[in-house]
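Please take these sequences and the hints and turn them into a complete structure.
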Amino acid sequence: MVAEKLSKRLKIRGTSLETRRMVVEICDIIAARSARLAAAGIVGILTKIGRGGPGDRRRSVVAIDGGLFEHYSKFWRCMESTLSEMLGEEAAARVFVKLANDGSL
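Heads up: the sequence shown at position 43 corresponds to 43 in my numbering, and the numbers run straight through without jumps.
Think of the hints as simulated: they come from the structure by calculation, not from any bench. These numbers were taken from a predicted model, which means no experiment stands behind them. C-beta: ideal position from N, C-alpha, C; glycine also.
The calculated label-pair distances, taken between Cβ atoms and stated as ranges, are:
id, residue 1, residue 2, range
1, Lys74, Gly50, 28 to 36 Å
2, Phe96, Arg33, 22 to 30 Å
3, Arg13, Gly88, 43 to 51 Å
4, Gly14, Ile49, 48 to 56 Å
5, Ala40, Thr19, 26 to 34 Å
6, Ile49, Ser84, 15 to 23 Å
7, Lys48, Leu68, 21 to 29 Å
Here it is as structure tokens:
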């Protein structure tokens, strides 16, 4: 699949397996960084509105619209782990990130 994408979209042909694996790894690194930044943004917003802090028992639902969140499971898993890292396990368990196709739940 990676060879096909490189060939059709970027006109890069004849790549080695090692090169394709490196491309996948780079994409994973970029996606993980993006997910961590998205999660940090969510934590910032929750903090600003007084949610997700120590002792806050309220649940929060965050709606996200986007193909990366929808189709790339590593993105969501990285967001989830970052929320837990930043908020703590207990507070993160009360934050629900949901897919909102075209802006609707």
